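Student: First to last, the protein sequences are chains A and B. Residue numbering for the first sequence is 1 to 323, as defined by this note's numbering. Residue numbering for the second sequence is 1 to 323, as defined by this note's numbering.
Certain hints may be false.
One copy or two, either will do: identical chains are not told apart, so a pair holds if it fits within one copy or between any two.
As the list claims (entries may be wrong) - With a Cα cut of at most 27 Å, we get these calculated DSS-like pairs of lysine-lysine:
no., residue 1, residue 2
1, Lys60, Lys32
2, Lys282, Lys96
3, Lys285, Lys116
4, Lys116, Lys282
5, Lys60, Lys285
6, Lys125, Lys280
7, Lys285, Lys125
8, Lys96, Lys293
9, Lys116, Lys60
10, Lys60, Lys125
11, Lys282, Lys32
12, Lys282, Lys266
Bear in mind the hints are in silico, worked out from the structure with no lab data behind them. Values in this document were obtained by computation on a predicted structure and should not be read as measured data.
2 protein chains.
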Amino acid sequence: MITFSEVLTVIEQGIHHIQYPNQPCRLYLPIKYILSSKGKKIRPALTLLACNLYQEDVSKAVDAALAWEIFHNFTLMHDDLMDNADKRRGETSVHKKWDNNTAILSGDTMLVLAYKYISRYSGEKLPILLNLFNQTTTEIFEGQEYDMQFETRSEVTEEEYLNMIRLKTAVMIGACLKTGAIIGGADEKDQSKLYEFGINLGLAFQIQDDILDVYGDSSVFGKNIGGDILCNKKTFLLISALNVANQSQKAELLNWLNTNNRPEEKINAVTALYNQLEIKNKARKRMDEYYEKAITALDQVKASQEEKKTLKSLAEELMNRKS
Amino acid sequence: MITFSEVLTVIEQGIHHIQYPNQPCRLYLPIKYILSSKGKKIRPALTLLACNLYQEDVSKAVDAALAWEIFHNFTLMHDDLMDNADKRRGETSVHKKWDNNTAILSGDTMLVLAYKYISRYSGEKLPILLNLFNQTTTEIFEGQEYDMQFETRSEVTEEEYLNMIRLKTAVMIGACLKTGAIIGGADEKDQSKLYEFGINLGLAFQIQDDILDVYGDSSVFGKNIGGDILCNKKTFLLISALNVANQSQKAELLNWLNTNNRPEEKINAVTALYNQLEIKNKARKRMDEYYEKAITALDQVKASQEEKKTLKSLAEELMNRKS
Numbered sequence: 001m002i003t004f005s006e007v008l009t010v011i012e013q014g015i016h017h018i019q020y021p022n023q024p025c026r027l028y029l030p031i032k033y034i035l036s037s038k039g040k041k042i043r044p045a046l047t048l049l050a051c052n053l054y055q056e057d058v059s060k061a062v063d064a065a066l067a068w069e070i071f072h073n074f075t076l077m078h079d080d081l082m083d084n085a086d087k088r089r090g091e092t093s094v095h096k097k098w099d100n101n102t103a104i105l106s107g108d109t110m111l112v113l114a115y116k117y118i119s120r121y122s123g124e125k126l127p128i129l130l131n132l133f134n135q136t137t138t139e140i141f142e143g144q145e146y147d148m149q150f151e152t153r154s155e156v157t158e159e160e161y162l163n164m165i166r167l168k169t170a171v172m173i174g175a176c177l178k179t180g181a182i183i184g185g186a187d188e189k190d191q192s193k194l195y196e197f198g199i200n201l202g203l204a205f206q207i208q209d210d211i212l213d214v215y216g217d218s219s220v221f222g223k224n225i226g227g228d229i230l231c232n233k234k235t236f237l238l239i240s241a242l243n244v245a246n247q248s249q250k251a252e253l254l255n256w257l258n259t260n261n262r263p264e265e266k267i268n269a270v271t272a273l274y275n276q277l278e279i280k281n282k283a284r285k286r287m288d289e290y291y292e293k294a295i296t297a298l299d300q301v302k303a304s305q306e307e308k309k310t311l312k313s314l315a316e317e318l319m320n321r322k323s
Numbered sequence: 001m002i003t004f005s006e007v008l009t010v011i012e013q014g015i016h017h018i019q020y021p022n023q024p025c026r027l028y029l030p031i032k033y034i035l036s037s038k039g040k041k042i043r044p045a046l047t048l049l050a051c052n053l054y055q056e057d058v059s060k061a062v063d064a065a066l067a068w069e070i071f072h073n074f075t076l077m078h079d080d081l082m083d084n085a086d087k088r089r090g091e092t093s094v095h096k097k098w099d100n101n102t103a104i105l106s107g108d109t110m111l112v113l114a115y116k117y118i119s120r121y122s123g124e125k126l127p128i129l130l131n132l133f134n135q136t137t138t139e140i141f142e143g144q145e146y147d148m149q150f151e152t153r154s155e156v157t158e159e160e161y162l163n164m165i166r167l168k169t170a171v172m173i174g175a176c177l178k179t180g181a182i183i184g185g186a187d188e189k190d191q192s193k194l195y196e197f198g199i200n201l202g203l204a205f206q207i208q209d210d211i212l213d214v215y216g217d218s219s220v221f222g223k224n225i226g227g228d229i230l231c232n233k234k235t236f237l238l239i240s241a242l243n244v245a246n247q248s249q250k251a252e253l254l255n256w257l258n259t260n261n262r263p264e265e266k267i268n269a270v271t272a273l274y275n276q277l278e279i280k281n282k283a284r285k286r287m288d289e290y291y292e293k294a295i296t297a298l299d300q301v302k303a304s305q306e307e308k309k310t311l312k313s314l315a316e317e318l319m320n321r322k323s
């Protein structure tokens with residue numbers, strides 16, 4: 001059984017060995033830059049760990065794991081541009097360090113680079129992996145589209161929100177696991193259970209992300225605290241708050257949604273309202289529910305508890321993360 | 001043997017039958033919009049015509065032809081945003097009709113949609129088509145990167161320019177033909193000759209485009225005349241002009257390159273200099289050289305002259321186009 005730190009080493013070596021043409025360097029430097037920033041590498045790790053449930057040697061899954069890591073970083077590059085986010089993992093985002101066009105074009109190049117890694121598979125596995133990749137990446141774009149649309153809407157239902165984060169975040173977690181399972185040789189039932197584990201873990205993960213944006217520690221979070229509040233992001237916290245607020249609290253919240261010129265005050269006031277309404281606990285509770293669903297699905301995967309240990313500890317750690 | 005108008009019908013039906021999810025409509029509407037605009041559909045036509053050299057029934061090549069047409073339109077969507085172009089084929093460009101983020105995200109979705117069409121192939125052909133697609137699309141991004149870099153440089157050599165248009169324009173024409181040849185069952189030599197035909201046709205086509213940008217008829221060209229001059233695009237015309245200009249003409253040209261506040265005057269003055277230097281003839285001559293190379297390569301393809309007739313007339317027509 002492979003450990004998480006062994007998995008990370010394999011991924012980091014893989015990233016290190018990606019071959020880039022020397023020219024044009026302005027196209028390839030931003031790709032190297034974002035791929036070498038200190039991300040958690042959860043997604044490629046999930047691919048390797050899922051494969052490892054069925055095969056001791058995970059080397060066959062490395063290319064697919066890299067495809068997902070490259071794709072994930074491509075979405076960050078384009079999303080940061082679309083969301084006008086200055087920082088990513090504590091460093092300057094690509095469109096700020098270079099410019100908008102660089103982020104667009106290097107991003108496009110990364111998307112094709114991800115496909116190049118998926119294309120390294122052959123035989124029967126190639127179309128299966130490719131179709132999963134095609135479908136999942138399209139869903140992720142749909143999720144980002146909803147996320148952006150929600151910013152300009154004053155109210156979003158919890159159901160709409162959950163569908164959005166399923167598309168934007170959870171399907172990639174599910175697909176990374178399923179990819180590893182396919183390469184490892186899992187049967188279809190196990191593939192589905194691992195996907196289900198990933199979907200629920202992803203939903204829990206995103207609600208956790210919403211919590212950290214408000215209640216995280218800026219020195220370790222890697223993004224500015226309150227960023228979601230400032231751009232009126234319809235997070236689980238905001239939607240819950242609008243649902244349980246009384247009339248005057250709701251009016252106050254809606255008023256802050258229309259205020260864009262006093263950033264610090266806005267963050268403090270909205271956070272104070274969340275505190276009054278005990279929103280952090282509510283979000284945590286929902287997060288825990290998804291986490292339990294995730295673990296139930298993982299328990300149904302046919303491998304032994306011992307074999308699933310690394311995946312389970314990773315899931316646990318994600319739920320207790322600070323960044 | 002299939003006629004060009006039959007080919008167009010097949011492609012238009014194919015585009016018409018692309019299935020889009022209903023939601024989120026803001027993601028999919030711009031894709032429908034750009035794909036239904038009046039493009040010449042040259043690239044997918046080349047795929048079908050190349051296939052038709054080896055198989056009477058071109059239906060097997062339709063998915064790949066659509067992949068290229070979708071990819072081509074994706075590049076227009078992102079390039080128009082990067083180049084800040086307001087019009088495309090006489091209509092408002094996507095980032096102007098909607099907004100920048102829509103152009104980014106719908107474009108990304110289109111790129112994956114193109115891959116979905118390539119992914120419809122199976123067996124041995126899938127990895128071959130996929131690798132050609134991966135390599136070519138990456139080269140196209142490199143070409144766009146050089147094109148953008150050149151705008152901020154005062155001088156670009158003819159060699160650099162030709163490498164840029166090879167990457168940005170010609171490799172796609174070559175790859176569209178090669179794709180059709182692969183699907184039709186051509187041997188490797190024919191695949192290469194058709195690719196070579198495409199590369200040279202593409203180079204001729206792009207020089208023609210540079211000519212039309214200055215000397216075209218705005219009512220049929222679909223873009224504003226002089227657009228390249230205004231954004232200091234290093235076209236074949238500008239590079240040739242800088243090469244043959246005397247000292248004072250060169251100083252005048254460089255002066256106009258640094259002037260951005262008098263658009264109409266700039267277009268007129270630069271065009272007048274081109275006329276003095278007989279740049280249009282020089283460009284036409286170079287275009288004709290590439291065209292002849294293209295025809296020589298096509299002549300070496302093993303099919304009969306009769307079978308190659310439609311491809312040859314298409315190439316001829318492209319050289320005499322007005323838009």
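Student: Now, for every hint given, state plainly whether the structure supports it.
Tutor: To see whether the hints hold, each was checked on the structure:
1. Lys60 <-> Lys32: Within one copy only: 23 Å inside, 39 Å across.
2. Lys282 <-> Lys96: Answer is neither; intra-copy 36 Å and inter-copy 42 Å both fail.
3. Lys285 <-> Lys116: neither (41 Å within a copy, 39 Å between copies)
4. Lys116 <-> Lys282: So Lys116 and Lys282 fail the 27 Å test inside a copy (43 Å) and across (40 Å) alike.
5. Lys60 <-> Lys285: Neither, since 38 Å and 53 Å both go past 27 Å.
6. Lys125 <-> Lys280: Cα proximity of Lys125 and Lys280: none, with 43 Å in one copy and 53 Å across.
7. Lys285 <-> Lys125: neither (39 Å within a copy, 50 Å between copies)
8. Lys96 <-> Lys293: Neither way: Lys96 and Lys293 sit 39 Å apart in one copy and 44 Å across, limit 27 Å.
9. Lys116 <-> Lys60: This pair counts as both: shortest intra-copy Cα distance 15 Å, inter-copy 24 Å.
10. Lys60 <-> Lys125: both (11 Å within a copy, 22 Å between copies)
11. Lys282 <-> Lys32: Intra 40 Å, inter 42 Å, cutoff 27 Å: neither.
12. Lys282 <-> Lys266: Within one copy only: 21 Å inside a chain, 63 Å across chains, cut-off 27 Å.
This entry does not satisfy hints 2, 3, 4, 5, 6, 7, 8 and 11, going by the numbered hints stated previously.
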